[in-house]
Amino acid sequence: MRAHDLSAGGAVLARVHEAARTAVRMHDLPEAEITLINVSENATYRVDDPVTGKRAILRVHRLGYHSTRAILSELDWLEALREQAGVRTPRVLPAPDGSRVLTVPGAEPRDCVMFEFLPGAEPSQDRLVADFERLGAITARMHRHARGWSRPAGFTRFHWDYEAALGAESRWGRWQDGMGVGTEASAVLDRLDKEVRERLHGFGRGPGRYGLIHADLRTANLLVVGDEPPSVIDFDDCGFGWYLYDLAAAVSFIEHHPQVPEMVASWVRGYRTVLDLPVEDEAEIWTFVMFRRLLLVAWIGTHTGVEIAAELGAGYTEGTCELAERYLGGLLR
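First residue of the sequence shown? That's 1 in UniProt numbering, and the numbers climb one at a time after it.
Don't read these hints as lab results, they were simulated from the structure. The beta-carbon is built from N, C-alpha and C at its ideal position, and this holds for glycine as well. Check the hints yourself; a few may be wrong.
In silico SDA-like links for lysine to any residue, alpha-carbon gap of 20 Å or less [unchecked claim]:
hint : residue 1 : residue 2
1    : Lys194    : Glu169
2    : Lys194    : Gly204
3    : Lys54     : Ala107
Here are the computed distance ranges between Cβ atoms for each label pair [unchecked claim]:
hint : residue 1 : residue 2 : range
4    : Arg69     : Ala11     : 24 to 32 Å
5    : Ala187    : Val274    : 40 to 48 Å
6    : Arg15     : Ser124    : 15 to 23 Å
7    : Ala130    : Arg151    : 41 to 49 Å
8    : Gly180    : Gly154    : 39 to 47 Å
9    : Arg333    : Val274    : 44 to 52 Å
10   : Glu311    : Gln176    : 19 to 27 Å
11   : Thr52     : Gly202    : 18 to 26 Å
With the hints as constraints, model all of the structure from the sequences given.
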């Protein structure tokens with residue numbers, strides 16, 4: 001897997017910034033100001049139009065991650081969740097020609113999408129346990145919708161199974177190339193990899209366990225206003241995977257936090273207000289948490305230019321080894 005293009009340095013970001021300015025002009029917003037919010041898989045900008053006073057969000061896609069058809073499929077599900085399941089998601093703001101995905105021409109054409117700006121803020125750290133119950137319920141509503149939704153012709157999204165995440169494809173790279181993966185860490189993580197692979201194989205991909213998921217339901221992708229249900233944003237990684245992967249993704253980067261067991265229990269309570277979660281499925285939650293954690297070791301290794309990856313670095317690998325020993329010893333099930 002080649003290095004993430006938006007992590008490659010200032011020259012790439014300068015080209016991305018120019019693509020963002022072009023996209024804004026193509027949306028007939030020549031006076032709008034753009035402000036880079038973050039860089040992860042894509043670059044996300046806040047767009048402020050001084051003429052109308054309106055604000056929007058512009059996503060400039062990285063090269064080679066999604067086809068235009070796959071991006072349109074993501075937007076189809078966003079709209080269906082909002083219209084059919086009552087899950088608040090950001091509306092797409094089409095270009096003047098009606099295009100939901102705008103391809104900015106150039107030596108490196110980039111797909112861009114303009115979204116409405118939704119109010120709210122990321123859930124506060126002191127309310128995580130309570131907010132996870134609401135997150136569990138809204139996740140179940142999304143899963144229930146996905147199970148019954150007749151997907152449009154041509155719908156295409158990638159998978160988050162073992163092969164795509166850690167196997168032959170290794171979409172975010174190999175955990176063996178993660179930061180701080182030396183001889184001792186490699187031995188522990190190899191044992192973890194084998195155990196997770198075997199347990200996922202045994203768990204299977206039955207229709208009650210595997211389907212269309214958000215795949216990145218971290219608190220950073222939720223917007224909360226008071227006691228209202230959270231808005232859900234950033235479906236860029238949505239695809240086909242295990243439903244419990246959405247819980248694992250929700251504790252990304254904080255799997256070691258002492259409140260995580262309470263958060264997981266809260267999520268399960270909320271989920272069960274909408275959908276059944278068999279006890280045998282619940283018993284494998286930590287398998288999915290460790291699956292995601294191992295995937296993030298790989299992600300950090302290929303996204304060293306992304307702020308959170310640089311901050312976590314080799315320490316995240318060390319923490320993963322500590323969690324792996326507890327999981328392999330049967331202390332996290």
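CB of alanine 130 to CB of arginine 151, is that within 41 to 49 Å? violated (34 Å)
Within 40 to 48 Å: is that where the Cβ-Cβ distance between alanine 187 and valine 274 falls? Holds: the Cβ-Cβ distance is about 42 Å, inside 40 to 48 Å.
Straight-line alpha-carbon gap lysine 194 to glutamate 169, limit 20 Å: At roughly 16 Å apart (the allowed maximum being 20 Å), glutamate 169 and lysine 194 satisfy the hint.
C-beta pair glycine 180, glycine 154: status relative to the range 39 to 47 Å that was hinted: At roughly 42 Å between Cβ atoms, glycine 154 and glycine 180 fall inside 39 to 47 Å, so the hint holds.
Looking only at beta-carbon atoms, does the pair glutamate 311, glutamine 176 fall within the given range of 19 to 27 Å? holds (22 Å)
Does the structure keep lysine 194 and glycine 204 at a Cα separation of 20 Å or less? At roughly 16 Å apart (the allowed maximum being 20 Å), glycine 204 and lysine 194 satisfy the hint.
Between threonine 52 and glycine 202, does the beta-carbon spacing fit 18 to 26 Å? The hint (18 to 26 Å, Cβ to Cβ) is violated, given that threonine 52 and glycine 202 are roughly 56 Å apart.
I want to verify a distance hint. Is the separation of the beta carbons of arginine 69 and alanine 11 within 24 to 32 Å? Given a distance of about 29 Å, which is inside 24 to 32 Å, the answer is holds.
The hint says 44 to 52 Å between arginine 333 and valine 274; measuring C-beta to C-beta, is that right? violated (25 Å)
If I claimed the Cβ atoms of arginine 15 and serine 124 lie 15 to 23 Å apart, would that claim hold in this structure? violated (36 Å)
20 Å Cα cutoff - pair lysine 54, alanine 107: violated (31 Å)
The structure is inconsistent with the numbered hints 3, 6, 7, 9, 11, although it conforms to all the rest.
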